[in-house]
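One letter stands for each residue in the lines below.
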Amino acid sequence: MLELKNISYSVKDEATGKVQDILKNVDLTFEDGTISAITGPNGSGKSTLIKILMGFLHPTSGAIFFNGEDVTDLSVTDRARKGFTIAFQQPVRFKGITVQKLLELASGKRMDTDAMCECLSSVGLCARNYIGRAVDGTLSGGELKRIELATAIAKGGEVFLLDEPEAGIDLWSFEDLVKVFERLHDKTVIIVSHQQRILETADKIVLFENDSPVSFGRKEEMFDKLTKRPNLCWRNIKED
Amino acid sequence: MPIDKTDEQLLETIADLHGVPEGSFNIRKNGQLLARNSNTDIEIVSKKDKDGIDIIVKPGVKNKSVHIPVLLTVGDFHDTVYNDFFIGENADVTIIAGCGIHNATCADAEHDGIHTFYLKKNARVRYVERHYASGGGSGKKVFDPVTKIHLAEGAQFTLESTQLGGVTYTDRKTYATVGDRAQLIVKEKILTDAEEVAITDFKVRLTGRDSRADIVSRSVARGKSVQKFRSDLIGKNACFGHVECDGILLEGARIVSTPRIDAVDPEASLVHEAAVGKIAGEQLMKLMSLGLTEQEAEDAVIRGFLN
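Chains S and V, in that order, give the protein sequences.
With the first letter of the first sequence counted as 1, position 188 gets the number 188 in the working numbering; the numbers rise by one all the way through.
Position in the second sequence (first residue = 1) + 1000 = the working numbering.
A couple of the hints might just be wrong.
Capping the alpha-carbon separation at 20 angstroms, the derived lysine to aspartate or glutamate pairs in DMTMM-like fashion look like this [what the hints assert, rightly or not]: (1) S/Lys95 / V/Glu1282; (2) S/Lys101 / V/Asp1299; (3) V/Lys1120 / V/Glu1153; (4) S/Lys109 / V/Glu1298; (5) S/Lys95 / V/Glu1273; (6) S/Lys95 / V/Glu1294; (7) S/Lys51 / V/Glu1294; (8) S/Lys95 / V/Glu1296; (9) S/Lys82 / V/Glu1296.
With beta-carbon atoms standing in for the labels, derived distance ranges [claimed, not checked]: (10) V/Asp1016 / S/Gln20: 50 to 60 angstroms; (11) V/Glu1251 / S/Gly108: 20 to 30 angstroms; (12) V/Ala1280 / S/Asp78: 19 to 29 angstroms; (13) V/Ala1280 / S/Val11: 15 to 25 angstroms.
Interface residues of chain S toward chain V, partial, derived using beta-carbon atoms under 8 angstroms [claimed, not checked]: (14) Phe88; (15) Phe94; (16) Ile97.
In case anyone wonders, no lab produced these hints; they're calculated from the structure.
We put the CB at the ideal spot given by N, CA and C, even for glycine.
Isolated chain S (complex conformation) (with noise of 0.2 angstroms):
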């Protein structure tokens, strides 16, 4: 289980001197064998806090646990060992790099073809033609987004936090996805995400707004809030 007490995270704007809240006493939790996705417009704090649980950005307050452990101090290479699992909105690229040399590196350990072809195939791609390749701007961007998924599953993990998975993936693909995150189902899955397809295969939604969450629950009282909306408007959500 993973919890977040009280977190907060502001920023001081250079120019003006003020501080800016981007989080603000976020409370929430996160159980096993849950898949929660998180939504919200833009700016609303949403990749900041998966940031902050992989350890990439440490909160100006605040505590977050694991298994009640309290993890808040730890790096991002300690949360990756204890079962930490990111894959990222925007794919780094690595020139020379190759998928396999990736793949391997996630899964700590050398890979035969059968193992690699397990884990692109998870994610819609054929390992013959990608594995020998870099991880670099020669494919295309939803390539590198299936590749970042595939990287995830080859690491495994406890926690996944999969920032904005669909983005660059077809629609056509999304099937694939839905895939993923089935294949996941024993684990603490959080998901951000503007898609309908994508929160529709949650059992939670979190719902952020300015700088923390104005609504979480279950999917299907979620669902309805969200689809009920004309235009689907995130102020007439907070208002209900």
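Using the hints, position chain V against chain S.
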């Protein structure tokens, strides 16, 4: 002259050789011929007027390789060798020409290979050159190679040059003239550390119609080392040329990249790209999120980059 342990290690590092190779070879050690095998397909002949060899590949010889490694295991020695390669029409060969210096003395050791290639029509050569130096002495380990390449119609030359450590100073010059439909491909990788200096200089003239050149240099500079990359690409016909210099800087190192392109012919299309900087923070973050430490992540990025 027998092959000792140091020789074996150097041969393995520079030429993937475990002992004496099969096929054609010429092994030179401390300015002397150590071993040679010449055959009818690939003939190796000592020069009469100066130190060096002629390597003559008969027309049509395919899928053969030649090893011409050079070893330097003494200090206070400056070895200059002139090797000329004559590659017959339609031949297709791999030439492995590494050089290893082991200098444990306080005096300098230097090897300068002056190599000239003449490729006839439709000949293809893959030329692999690895430079490596070891030995704890304060004596410098220096390579100042000069490579001249003449490509006739339809010929293709691939130069894979790698310098992965220990070389105190290098000033490498490569000159090429590329004929009609001929192609030059260069893949250069350099790693420098401490106070090492590496200078590479390319001058490529695309004289033939539909000639091509693709030069990619990847370098990593650590410590207080300095690297200078210069390229001068001249398009004298309808041709395509591409030069790319990517450098990763670590600690207090410095990389200077000076690419020059000169489209003399209005149908010439020439491109240069250069990027020098630290390892991107997001690359380290990604790898650390896979469980690597910062140092392991840095090493993985560098290994991949120089792969």
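The hints, checked one at a time:
{"no.": "1", "hint": "S/Lys95 / V/Glu1282", "result": "holds, 13 angstroms"}
{"no.": "2", "hint": "S/Lys101 / V/Asp1299", "result": "holds, 13 angstroms"}
{"no.": "3", "hint": "V/Lys1120 / V/Glu1153", "result": "holds, 7 angstroms"}
{"no.": "4", "hint": "S/Lys109 / V/Glu1298", "result": "holds, 18 angstroms"}
{"no.": "5", "hint": "S/Lys95 / V/Glu1273", "result": "holds, 14 angstroms"}
{"no.": "6", "hint": "S/Lys95 / V/Glu1294", "result": "holds, 18 angstroms"}
{"no.": "7", "hint": "S/Lys51 / V/Glu1294", "result": "holds, 17 angstroms"}
{"no.": "8", "hint": "S/Lys95 / V/Glu1296", "result": "holds, 17 angstroms"}
{"no.": "9", "hint": "S/Lys82 / V/Glu1296", "result": "holds, 18 angstroms"}
{"no.": "10", "hint": "V/Asp1016 / S/Gln20: 50 to 60 angstroms", "result": "holds, 58 angstroms"}
{"no.": "11", "hint": "V/Glu1251 / S/Gly108: 20 to 30 angstroms", "result": "holds, 28 angstroms"}
{"no.": "12", "hint": "V/Ala1280 / S/Asp78: 19 to 29 angstroms", "result": "holds, 22 angstroms"}
{"no.": "13", "hint": "V/Ala1280 / S/Val11: 15 to 25 angstroms", "result": "holds, 21 angstroms"}
{"no.": "14", "hint": "Phe88", "result": "holds, 7 angstroms"}
{"no.": "15", "hint": "Phe94", "result": "holds, 6 angstroms"}
{"no.": "16", "hint": "Ile97", "result": "holds, 3 angstroms"}
Going down the numbered hints, you'll see the structure goes against none, and every one checks out.
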